[in-house]
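Novice: Residue strings, one per chain:
There are 2 protein chains.
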Amino acid sequence: MSKPYKGFEPKWYRGEVPANSYRSIFKWGKPDFIKVPKETLYNMMKGIFNVTDDDFKSYNENLGLDEVKFDVAKKACKDEDIKFFKSVCGDDNVKDDDYSRLSVAYGKTMYDLLRLRNKIVENIPDVVVYPSDKKEIEKIVQYCVERRIPVYVYGGGSSVTRGVECMKGEVSFDMRKNYNKVISFNEIDQTITVQTGMSGPQLESHLNNAIAEFKAKRAYTCGHFPQSFEYSSVGGWVVTRGAGQNSTYYGKIEDIVLSQEYVTPVGKIVTSHAPAEATGPSINQIMMGSEGAFGILTEVTLKVFRYMPENRKRYSFMFKDWETAQAAAREMMQCEGGTSSVFRLSDPEETSIMMKLYGVEDSPLAKLFKLRGFKDNEKCLFLGFSDGEKGFSKNVSRCIKRIARHFGGMNLTGYVTKSWEKGRFNDPYLRDSMQDFGIMTDTLECSVNWSNMAQVHRDVRAFCKSRPNTICMTHMSHAYPQGANLYFIFIAKMSDLKEYKAYQDGILDAIQKAGASMSHHHGIGKSFAPWLEGSLGKNEYEIFKVLKNHFDPEFLMNPGGTLGLDLKPEEKISKSDKIDFTKR
Amino acid sequence: MSKPYKGFEPKWYRGEVPANSYRSIFKWGKPDFIKVPKETLYNMMKGIFNVTDDDFKSYNENLGLDEVKFDVAKKACKDEDIKFFKSVCGDDNVKDDDYSRLSVAYGKTMYDLLRLRNKIVENIPDVVVYPSDKKEIEKIVQYCVERRIPVYVYGGGSSVTRGVECMKGEVSFDMRKNYNKVISFNEIDQTITVQTGMSGPQLESHLNNAIAEFKAKRAYTCGHFPQSFEYSSVGGWVVTRGAGQNSTYYGKIEDIVLSQEYVTPVGKIVTSHAPAEATGPSINQIMMGSEGAFGILTEVTLKVFRYMPENRKRYSFMFKDWETAQAAAREMMQCEGGTSSVFRLSDPEETSIMMKLYGVEDSPLAKLFKLRGFKDNEKCLFLGFSDGEKGFSKNVSRCIKRIARHFGGMNLTGYVTKSWEKGRFNDPYLRDSMQDFGIMTDTLECSVNWSNMAQVHRDVRAFCKSRPNTICMTHMSHAYPQGANLYFIFIAKMSDLKEYKAYQDGILDAIQKAGASMSHHHGIGKSFAPWLEGSLGKNEYEIFKVLKNHFDPEFLMNPGGTLGLDLKPEEKISKSDKIDFTKR
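Residue numbers (the numbering used here), protein chains in the order written: chain A, 4 to 587; chain B, 4 to 587.
It cannot be assumed that every hint is accurate.
Given that identical chains are not distinguished, each listed pair holds provided it fits within a single copy or across any two copies.
[What the hints assert, rightly or not] Taking lysine to any residue pairs in the SDA-like style, the calculated list, with each CA pair at most 25 Å apart, reads:
no., residue 1, residue 2
1, K541, H553
2, K89, K180
3, K397, H409
4, K548, S187
5, K60, K359
Calculated from the structure, these hints are not laboratory results.
With the hints as extra help, turn the sequences into a complete structure.
Specialist: Now the structure itself:
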């Protein structure tokens, strides 16, 4: 746990999270685990948000401890439908109580959290079904298609794009409970086939224990570790085209997927398991990214990798400024010395916050920075580690160190990387603690080429910072020889849904205008859909519509705006009215 | 040049190739270059084909030296169409003479060569257009779509799938002459954008000379070297999903492409240049592999790589048998020590031929094999080299050597690899020399998983060898952690078109039945199209039809069987009547 505060400490909510409460739905992760900002970070935030300790003496936001209870009528689901679902999945695996319905309606974007804290119950399913095998899913989808009943899927629930939201109500499959089994493991081909409700830790545990579990010769890893790892599902990774923090080495999920099986209104789609092909357009790549709009992903075969944590080499460097750091990162990605596994470069604002978050500011290092002429609000932190075979990992580390030195980077050893690793999956817990006091944290990300990176960073930041008293941390991660992901984290005192939506829209506008691709790994969902056609182009977007019309002409698969495919202009989740944030 | 024969040497045709002859169309490569088998290989073939020197005293096949001349009426092209094409591209860039028409009609499969040798002129365009820029292509495509005129494209002409064949006649764009310029070079992103008629050597030359030509900081390479390198085009690589011999390191062309621009009947398609995305299905991956059936690929942006030949490490090993060699190759691909650039494993039959081809049989090594217990018709040759940064390349070589030793491989040093490199682009010349005496050489390839490789190899070979007096060499190349490409080369005394077609069909049947994917990098074209739906599945294949119907509902883009998309069952290039090859 974190160190006790020396000065005033906000009354971070450390109480119970009642089992059937709103909080139990929106709270990140384990009910009994919380994480709070370090004192240095808290003090810094006060300065930035222009608030005092007094603002942290009582909660500014609903804690959401009440039991979930509402009076929202079912949209169309009939008793006979529920009876049918029960006949397929068993009585215990079909639920229509308030809690079950609401718990699969929202994801984890700030828009979701704010609605849950404020008991805004909208767009929920009539009934939740917990399938156990794909035959059940097939039967229910067929039944629903025949009766034009909309179908939704809830995987891990960590969507930040309103991807799981049941805009048209009716049925949602909650895959977490029963649909998480290993179908087969193939050590010769190094693949595993799983049901799509399997969570990250479940998958990784099977693979790490392959020797005992599958009588394998060695242990394996999935290589896919998004920040949401513990509460995201394999199916969610695939349909959104997610990326793990180690993707620079292991690849994005679309590189890790070997084959997929879907149930769609026009029948099953089973993609090829060949390692590569020249047999027309890639059906694997047509289905990935379909976000439930073409059908339900029932099985995935993933490539697996050897589990060799003993070969990991950690490194971190401080660079003089963003421009130099970017040039170094680009050289690291283009030198062909092998790719780093985690590869992460923070801009000056994120760097100064990370220095506080990881306690570097209190260490002797801080003095060294000054001595060496590294300035606050200019210096940039790079960290990462390599994976793979021992010699490979070593060579990656060797190249990175050589290049960092060449660009004047100051070697911070593996210390900072280790600090980052400690928080890599539990930083999202910070969000709930801070939001209790009205401080919202959210993220948006995009994909850029190296030649466009400076402009995208500058333009998006310019919009973010046009709102006074707002933190905007940016890092570059998931890198490639041709570019990288730019990831923006914004933190502000903000509790108003409308303001939040307008702010998010403004950032999306800035991303699009600067010429970046709208998402590198979060997906599009329903939130970002209004930007999709503008980003891809009219003729290009038309291809998605053609595919949607083929698979789901009645708009029954994740309908209500997914990828923007099925709505009339006036129905779309529209861009908000502009708010002039400079005037706040 | 090759060593003179000690004994009888066939009268290999070394004469002129008249400029407007059939031979000038079907002959591989440079008009004045020929290559003939080494004496050891010639003697071996005589034994296998059960023929004598007498059979090589006169040519058994037409040499095709006559001037191209035929009387095939135009299908539908009117004078006004030609006038329009000339107004767009200039008088010199529109041709309708016999030679120009025939020279873009066929590719390089044995089926094409046999037709050309026998003056079988069918499926030729009415007129050939040589565009210079994409505006010209756009104008002509628009004109043709309005008038329902079928449009074909001829890139490098090395198709082995009847990909370029003008089944419905009318217009073919020959991209070789004028459509081969660099559009832009971006050293920051390490990309080059080119017109799609650019040949492999043209592209590689621009990149190798980047310092002088683009004022770049360093030299680059395209990383894509198919055996057809010298006579294939960038556009052809992309639309067929080709692979170079170095693809194990550099990737298949679909990994190397960053973005593409197409002219289609429904307008332009320009794909995203972001390095990776989560913005729905991949449009890049929908267009790649469309083989001209959706529209014409006008521009491609390729990733480029650093040109560092000084870091290359060569290796070759002999393994005891196919099973051991496969196991070693799999370990090399799964060990995560970095991937070899060229990575090639020959089965016993190919190994014994390569030993002859590369003169190893005459060397002291041959004796060592016997001493060490490596048996003919059992031992397997592995060869390859690594590329990339110096330490990376070294580590790949180190891992390969360690693994080869572990599996009992005998180190043959880089000698054999160098021999292979010498022939890597000019082995196709052998084919014409041998065919003059009625010996045909052709290839088929497929994609397999490791767990299926032994079966596919066994079953396909069983069919190939069911025909007596037939060579069937197989190698595994283009490898992945999950499997590899299996490449079959068959050589036989065979001159009959029907027999050839039936034999090819039998192999394709065997590939499909054994569960391999129908192509790893040759594409599908018109020849393999009848197998495509069976290989992909009905629902999966339907997706291609939906896309075709969107882009080209009137069947004007490369029509007549490409990917099997536009023909009624009775029009299809059908599978042949079965021939019992064991009875020949």
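Novice: Is the C-alpha distance from K89 to K180 at most 25 Å within one copy, between copies, in both cases, or in neither?
Specialist: within (15 Å within a copy, 68 Å between copies)
Novice: Should K397 paired with H409 be assigned to within, between, both, or neither, using CA atoms and 25 Å as the limit?
Specialist: Both: 18 Å inside a chain and 22 Å across chains, each within 25 Å.
Novice: Please sort K541 with H553 into within, between, both or neither, judging by C-alpha distance up to 25 Å.
Specialist: both (19 Å within a copy, 14 Å between copies)
Novice: If the cutoff is 25 Å on CA atoms, where do K60 and K359 land: within, between, both or neither? Let me know, please.
Specialist: The answer is within: 23 Å in one copy meets 25 Å, while 86 Å across copies does not.
Novice: How would you classify K548 and S187 at a CA-CA limit of 25 Å: within, between, both, or neither?
Specialist: neither (35 Å within a copy, 32 Å between copies)
When held up to the earlier numbered hints, the structure conflicts with hint 4 and nothing else.
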